[in-house]
Amino acid sequence: MGMTMTQKILARSAGLDSVEAGQLIEGKLDLVLGNDITTPVAITEFNKAGLSSVFDRDRIAIVLDHSTPCKDIKSAQLCAACRDFAKRHEITHFYDVGQMGVEHALLPEQGLTAPGEVIIGADSHTCTYGALGAFSTGVGSTDMAAGMATGLAWFKVPSAIRVNLTGKLPKFVSGKDVVLHLIGMIGVDGALYQSLEFRGDGVAALEMDDRFTICNMAIEAGAKNGIFPVDAKTEEYLKGRVDRPWTAFEADPDAAYTREVTIDLSALRPTVALPHLPENTKTVDEAAGMPVQQVVIGSCTNGRLKDLREAAAILRGKKVADGVRCIVIPATQQIYLDAMEEGLIADFIQAGAAVSTPTCGPCLGGHMGVLSDNEWAVSTTNRNFVGRMGPTSSMIILASPAVAAATALTGVITDPATV
Amino acid sequence: MKIYKYGDNVDTDVIIPARYLNAPDEKSLASHCMEDIDASFASTVEAGDIVVGGSNFGCGSSREHAPLAIKACGVRCVIARSFARIFYRNAINIGFPIMECPEAVDGIHAGDQVSVDFNTGVIVNETTGQKFQAAPFPEFVNVIIENGGLLKSLKARGVAK
Numbered sequence: 001m002g003m004t005m006t007q008k009i010l011a012r013s014a015g016l017d018s019v020e021a022g023q024l025i026e027g028k029l030d031l032v033l034g035n036d037i038t039t040p041v042a043i044t045e046f047n048k049a050g051l052s053s054v055f056d057r058d059r060i061a062i063v064l065d066h067s068t069p070c071k072d073i074k075s076a077q078l079c080a081a082c083r084d085f086a087k088r089h090e091i092t093h094f095y096d097v098g099q100m101g102v103e104h105a106l107l108p109e110q111g112l113t114a115p116g117e118v119i120i121g122a123d124s125h126t127c128t129y130g131a132l133g134a135f136s137t138g139v140g141s142t143d144m145a146a147g148m149a150t151g152l153a154w155f156k157v158p159s160a161i162r163v164n165l166t167g168k169l170p171k172f173v174s175g176k177d178v179v180l181h182l183i184g185m186i187g188v189d190g191a192l193y194q195s196l197e198f199r200g201d202g203v204a205a206l207e208m209d210d211r212f213t214i215c216n217m218a219i220e221a222g223a224k225n226g227i228f229p230v231d232a233k234t235e236e237y238l239k240g241r242v243d244r245p246w247t248a249f250e251a252d253p254d255a256a257y258t259r260e261v262t263i264d265l266s267a268l269r270p271t272v273a274l275p276h277l278p279e280n281t282k283t284v285d286e287a288a289g290m291p292v293q294q295v296v297i298g299s300c301t302n303g304r305l306k307d308l309r310e311a312a313a314i315l316r317g318k319k320v321a322d323g324v325r326c327i328v329i330p331a332t333q334q335i336y337l338d339a340m341e342e343g344l345i346a347d348f349i350q351a352g353a354a355v356s357t358p359t360c361g362p363c364l365g366g367h368m369g370v371l372s373d374n375e376w377a378v379s380t381t382n383r384n385f386v387g388r389m390g391p392t393s394s395m396i397i398l399a400s401p402a403v404a405a406a407t408a409l410t411g412v413i414t415d416p417a418t419v
Numbered sequence: 001m002k003i004y005k006y007g008d009n010v011d012t013d014v015i016i017p018a019r020y021l022n023a024p025d026e027k028s029l030a031s032h033c034m035e036d037i038d039a040s041f042a043s044t045v046e047a048g049d050i051v052v053g054g055s056n057f058g059c060g061s062s063r064e065h066a067p068l069a070i071k072a073c074g075v076r077c078v079i080a081r082s083f084a085r086i087f088y089r090n091a092i093n094i095g096f097p098i099m100e101c102p103e104a105v106d107g108i109h110a111g112d113q114v115s116v117d118f119n120t121g122v123i124v125n126e127t128t129g130q131k132f133q134a135a136p137f138p139e140f141v142n143v144i145i146e147n148g149g150l151l152k153s154l155k156a157r158g159v160a161k
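As given, the protein sequences belong to chains A and B, one line each in that order.
Using my numbering, read the first sequence as starting at 1 and increasing by one per residue.
Using my numbering, read the second sequence as starting at 1 and increasing by one per residue.
In isolation and in its complexed conformation, chain B is listed as follows:
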């Protein structure tokens, strides 16, 4: 696995530029993912890689295409100092794992081997041996993630028909 590390305020326009928003499916979105901040990302990213960002990750537009594109690249999760709120709820709603953990952001660098446990929120930098604890999700949010997204969760609860 590889680490892709970026700075603060990674916005949804660089995650998936608007000129690709009319792409017909997630695979096409994935092929342009991060294009305006890291032109080599889409061609080098592999399943299981992890994206690390600074504060306010995913700021800007409400486009769900942004977490969809990252997810479709096979990225395991995004770890950031903080997330912009719409990106945060979009990731949860599509069942894509995100972890808020400033210490991990400071303690993970490109080239490190990192493992994550979504149940406990524990992030381990296998290269340095450092362990980090991400902020846990509230129970309500866990139910959404465990059901594989908001709509499945609403159906499981019998709220949506």
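The shape of chain A in the complex, shown without the other chains:
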């Protein structure tokens, strides 16, 4: 029986010739990640267990991105604990305010993730790096502590759903629409414990930023990981970022899949997810006219340069509607700089949007855009759960940067082709 792409990567990390779905393995890790919310819990467990040293100071990344720049005293104390730990163990890839960005945009940008690598992160959206053909998955703080100490993690080898992508995305449709459409098709537990392996002739035309967005939200279908094949676009992205050797894995032709799903990219419409689950998807046509008070453009899902370009193209020379607060958050310092040099930041500010330093902030209702009672937001983030961005009466509609920007101009859910 052949292996899926994910299974091949896991087999190598476990030092095995082959693995099969359901098998429990212990794999060697190429990178262990944590942020300012999950790392402090990992540090407590690390110290409580009497562990003294990390397995490799070059293979741990700690990114202070969630409550930063610190929103309150407690957050500042948690960041201080991370800072102390990073200093004591001489962690090479420690990112504090000024260098930090939203972790899942930052790590690939900095060349810390490469094809064929095995990466765990104490953050559920660690699955983002599957866009580069890596196996990466979210874990908890105890896993992070164990990973930092041993360089190992236990995994149940996943089965996989094959997602065949065909055709080419139309104008105003992007990776976010692809993944929302997919989650709408299979549900928030549609890929539970499984991999989502993206294949097909539609892959080649997808930009890397779209692939990152798609893999980022694999967790929102319950998946362990999402993964794309390595192609010319991947190699182009890696140039100048990754100089260590890496391996491109391919699924065996006879790999078994539990299910196959086909998405014709050329037939997709801009798609949104209504409260309170990412599977509650509607096309923009069906949701058009729903009023919102806040628009958030950013996050590990949609804070990359392509996202900002698409939003700016819609906002340029126009004004955010009265009664709407539009918040734009470039995901990393480099993206912020690039957006500034391209004039996108000026476009946002002139349109009446607020532009923030990189942070996860509003996505999890932390800071930089918390909602009030009964308010509605359209957000390019990844979760619209009850109380995610504010009180339990507040509502989130998930959307692409293009739909979010068009909505900012009108104050109601709007098809970007109409503004």
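Simulated from the structure, these hints should not be mistaken for laboratory data.
The structure displayed is predicted, hence computed values, not measured ones.
Calculated lysine-lysine pairs in the BS3-like style (CA-CA distance at most 25 Å, straight line):
| no. | chain 1 | residue 1 | chain 2 | residue 2 |
| --- | --- | --- | --- | --- |
| 1 | A | Lys48 | B | Lys152 |
| 2 | A | Lys28 | B | Lys161 |
| 3 | B | Lys152 | A | Lys28 |
| 4 | B | Lys152 | A | Lys156 |
| 5 | B | Lys155 | A | Lys28 |
| 6 | A | Lys48 | B | Lys161 |
| 7 | A | Lys156 | B | Lys155 |
| 8 | A | Lys87 | B | Lys161 |
| 9 | A | Lys74 | B | Lys27 |
| 10 | B | Lys27 | A | Lys71 |
| 11 | A | Lys48 | B | Lys155 |
| 12 | A | Lys48 | B | Lys27 |
Fit chain B to the supplied structure of chain A, relying on the hints for placement.
For chain B alone, coordinates are given in the frame of chain A:
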């Protein structure tokens, strides 16, 4: 003991909302446990109570604060139709018992008296007399649970120093 029964897709944001993630200890987390889905939970839950959920229990964020908060409330275990995978491994890694058993979820209601045996995976609804068999853990996972969590297990094996 009491049963707290919830539906499908109980996410980690309602188990412990992000606004409390900077809480300094497990007791503070416990005081806000389930706040956004069941405001009375934290003030009424007692040691030995059992939480019953539908499918995809614990979906969403990787925050280990979620199983930690439920554990710190004194909850004996969570029984669900299925668990989101990060919550599943987090519970195992901190040595908190979870049981996957769709039949038990259908056969247990608020007000029932329920007993559980983690060694055999047998769940008994003492009120109705019904017995249920939860999916057994693989040996590898049992070793983690028996050692009281992942780090203790790695230390016992001599892998972590």
